[in-house]
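Chemist: What follows is each chain in one-letter form.
2 protein chains.
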Amino acid sequence: MESPKNALDTLFNPRSIAVVGASQDPEKLGYILHKNVIDYKYKGKVYPVNPKIDTILGQKAYPRISSIPEKVDLALLSIPSHLVLPVVQECGECGVKSLVILSSGFQEAGSEGEQIQKRIRKICLSSGMRALGPNCMGIYNLSANLNGTYFWELPRIQGNISFISQSGAYGGILFNEIRQRRIGISKFVSIGNMIDINQADILRYLSKDEDTRTIALFIEDIRDGQEFIAAASEVSRLKPIVAFKAGRSEAGTRAAKSHTGALAGSYQVYEAAFKQSGVISALNTEEFFDVTMGLSSWHGCLPKNNNLAILTISGGPSVTASDTCEEIGLGVPKFSELIREQIKRYIPFFGADSNPVDMTPQMNPDNYEACVDTVFSLPEIGGAIAINVGLDRKEFASAFVKASKKHAKPVVSFTIDTPELSKIFNQNSIPIYPTPERSVHAYNGLVKYRTYSERKRSKDAEQKTLKLSILLEQLSQEGKKTLTERESAKVLQEYGIPVCRESIAKNMEEGMEEAKSIGFPVVLKIHSQDILHKSETGGVFVDLKDEGEFKDAWQKILKRFGQSSEVLIQEYIPPGVELIIGGKTDPIFGPTVLLGLGGVFTEVLKDISLRICPLDKREALNMIQELKGYSILKGYRGKAKCNLDAIANVLLNVSHLLLSNNRLQELDINPLIAHEKRAVAVDALMVLA
Amino acid sequence: MESPKNALDTLFNPRSIAVVGASQDPEKLGYILHKNVIDYKYKGKVYPVNPKIDTILGQKAYPRISSIPEKVDLALLSIPSHLVLPVVQECGECGVKSLVILSSGFQEAGSEGEQIQKRIRKICLSSGMRALGPNCMGIYNLSANLNGTYFWELPRIQGNISFISQSGAYGGILFNEIRQRRIGISKFVSIGNMIDINQADILRYLSKDEDTRTIALFIEDIRDGQEFIAAASEVSRLKPIVAFKAGRSEAGTRAAKSHTGALAGSYQVYEAAFKQSGVISALNTEEFFDVTMGLSSWHGCLPKNNNLAILTISGGPSVTASDTCEEIGLGVPKFSELIREQIKRYIPFFGADSNPVDMTPQMNPDNYEACVDTVFSLPEIGGAIAINVGLDRKEFASAFVKASKKHAKPVVSFTIDTPELSKIFNQNSIPIYPTPERSVHAYNGLVKYRTYSERKRSKDAEQKTLKLSILLEQLSQEGKKTLTERESAKVLQEYGIPVCRESIAKNMEEGMEEAKSIGFPVVLKIHSQDILHKSETGGVFVDLKDEGEFKDAWQKILKRFGQSSEVLIQEYIPPGVELIIGGKTDPIFGPTVLLGLGGVFTEVLKDISLRICPLDKREALNMIQELKGYSILKGYRGKAKCNLDAIANVLLNVSHLLLSNNRLQELDINPLIAHEKRAVAVDALMVLA
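Protein chains in written order, with this note's numbering: chain A, 137 to 825; chain B, 137 to 825.
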């Protein structure tokens, strides 16, 4: 047996295992765990640990870890929660390399359990031992014949999917799926309460694992957001990562909290993290497994674009497949007359020659190959969905296999009641799904992974040096909590965010100078803290176009408020599209930026987009395009298009500002007014921690 | 054999069958059809028809229908499309009662096929023969041992689901599902191009069929919308109808058209039809079958409210179930402290005592019954989702069976790897689904059906007598196409829709009288067809609050436009929430009413709701509540709530107007301004056919 290369390697490939809590009682979980280790033919040494018994399942039992004659790589703990701490202590002292704590009753059970977890963690940190769990179902590594789990039955076909799950039951669901589809698995890791080893650790390990091609993640929560993003961004360039985040709703969050002690966190922030780190996010259990399995059969051949062809032997399912494509943004383009004429030659006269192509059950099987090849040869088609219900012809299957290889375009299929055909698809890694919709969603996983795998490493986001705001620092030291409008504007200016220019003048000559330097048109406002309703009392004059109008307005202000009044001169920002930009620190992921359209869009429709800092330009533009009201920014009803680049730059600078100043707790630019040429922050509010 | 009671009965329960196109060649569809009839042990007489052969599958063959010695109830036609017409002619002459035309190559293949269809239809009408198809997979009635389909293998367990499908393949998908779940079927009807028999006919037949409890409909199109609504409304009061409409997208519609010659129709209008006739609409293939199967196991015990409990043995799936509940509007309410204390007694200390209840795998099986009963006894809980992954305990299953019966509350389950438990659930009609999400969607089908089955027969919509508009009639006869604003307003008034009151006066005294009769505040406008920009030229004065302001404005108008000017006096409608109401005639369903909020809501967000006329008050209120911007009408940001009742009344009156006047092609009220007290049509446009 090879020597483990690093600490995590002792978890996946230990040379020896201690099973603490092994038992003679088949009803006990410790019995199952021990039996699993033996039954799956683990090749290293196994030491059952139980102080009350001498022999278990034919193996000599040891009263405690310290009585085991040699060093133990991995200890599996299946004992009552109150006994865990002393055993961990002992493991640390005996030089155990890694632990899997399967026992429940810790953080998920309340504050007492949380305290014990902290002490366990401390022992691990000081001894260098790595720990998985507690409150988990264990670890499975097929290539090492290691079943260190409670599971009743695990798939024994070597596959390329590795699964990291915060729920044991989701392991069970996955295994059930895998058995039904007769595919294989590489590794399964149930991470439970993540006392030490978390998703990022496993991701990094799996990125180098030759047996792993696709990584699936069932997530209830992430503890260190930035660490996750860093690891996932790195790994997703090499291997697809598919994630399913549970706990999106209020009731779901409650359930997750009592399950693994997951912290409430906004689902939207998780979604942002997935997008930014190239993780494909699934919306439900089936999509999670479907996309994972679709990507596991991926062999270098991803869709080249977002358009696909649907080829079927019967109409109905091709209609629902088309509907699903359109709903999720995949194109099913019509074919040209020329191509339709060509297809007509192969299919019956009552078939459909455009996209979808309905070849009908009556088609001559000799024509499949030519027909499918004609469609695959179209450059505008990135791949295909093959649909067959009950017409079990080998010629159908091989037509797709050939065309897919020849044109290097992927095929995903929906077929039922086609045993021979399915066998050929399975042999050629063409995944089969049980409904048209599911085949389309799985295909979409390939499209998404192409986008992610092609993206460039972003430089502007990573290389920008942080720059502390002097003003913020100063105000914070003065004990200030909420900044004034003018102070906020100054901070924005420090970070290159265009603000509404303004200045105060004591007399008209001074004011005129300022107005000229700001540039006409301008706004004049009486400057006095005593006057609350400046507009209502006639203290505000907007859109003053020239010196004449300026003088006029100035005189009126003096007349109304006294000759010694101070006056505020402001740049006049004409009406445009009003946006809101917010900044907030998420407890898990750190600073986040929010973008929304003003008014009903944000307040009634909750139409916002969100990202975690740092941002890059591409992500900033994605944020803008994600808004439901995006068409308004593109020039709604003949109005001018807003400068999207200017908006994106504000987002980038806000991100920079948030990252640079950890004293800044909250930031609100409301409104940011966007025009054809620029975007200006007209009002802003900042709150210090 | 009993004598068929009506024409459709000869389709489902024929005393004799002719198989036209029966063949000795096992590759031919006619061979399969004939063999199916024999293999499924049909008890009546079978006459294979083929002019070229004497004996087929041991039965004497007849050269043609007319050579069969006795009357034939049902003829199954499986012959090339160009031979169908003469055979139909012959069937009519020989007194055949009903036909199933399985052959393809008609409307779906182009205009020539459409012409033949028309001629077939004519023969049917004149001979009284009823026809199913063409371009279909046939008919299956298990209780009559009748397999008149092309299907390779059909379920032979008698069940209570009857399935009407416009796609043969969807029949195949259903049968596959049914086999996998080991449940049964009652009838299957593939309706194809619907030359004669349509969904409404079959619905009415099945409503009286004792073997049918649940009806599932796969729809590509409906040809007579009002007939469908009438039939479905009637039947859905007795039996649940679940529909899945394919062809929601542009590509999907194209596929449907070439499949069954389905007409393009707006999916939104179909959705409206389903809502209004109590049909449960599914959004995808799985939901379609899941909800159908959930309802088929329904035995009088429907959820009493929208809240449910989730009881599980493992956390993860309960989290995703909770998420799904919240996303589709089912409540998962937290339990009171008192109840939580009670539950705590039954579950391990690390379990979850609120909703979801996580009983964990370690729970003592003796406690299941008391724990589940405690939850079911809560009046705020309408039913439950039971979740189990791999913990195959009978006590778990029987706890739910008992509680469900005792409290008359339904249970739907997600379980895998639990053979013993599943057996008990199956025996007790507790449906099992393979993912948490699917169990929740299926449960939601029960909730929806409760709502539909409880709804009262609407009187106001059905009994309102139509009332022809004299003005519309007159304008139409004059050849008018587009009505002026004032003409439109008059028509609206005829139907009791509040409009902005107005009047023209030649002098101030007259004007003042009018203003008083309208009531202050009023608007004055110069009345002249020559003046285009009335506002810009100073010809409009709004919000005139009293006689003084009125006189002032009048003088100014005279001064500007001449002493002999005519002036329009209008009621002043203060700003409120602006709505749009549209009326349009759908080619399939007839007049429809559309409601939207003005501005970005309608134009950018396409936030509209739609119904088919006639409407009742409940549906009109549903329309309002369906809008994404509904919260604006409820009093957004401290503004007054709009009078929803007034808006609903306008919708009802618009429906009345549209139904009464078939010359009215299009109607647009834009805006309807809604306030706290009323809703007024400020501007309207009508187009005549």
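If you are wondering where the hints come from, they were derived from the structure by calculation, not from laboratory data.
A few of these clues could be false.
Claimed, not checked - Example chain B residues on the side facing chain A (calculated, C-beta under 10 Å, incomplete):
no., residue
1, E289
2, E462
3, E672
4, G674
5, Q706
6, Y708
7, R773
8, A776
Beta carbons: idealized from backbone N, C-alpha and C, even for Gly.
Chemist: Determine for every hint whether it applies to the structure shown.
Modeler: Now for the hints, and whether the structure bears them out:
no., hint, verdict
1, E289, "8 Å, holds"
2, E462, "3 Å, holds"
3, E672, "19 Å, violated"
4, G674, "22 Å, violated"
5, Q706, "27 Å, violated"
6, Y708, "23 Å, violated"
7, R773, "7 Å, holds"
8, A776, "16 Å, violated"
Hint check: violations occur at hints 3, 4, 5, 6, 8; the rest are consistent with the structure.
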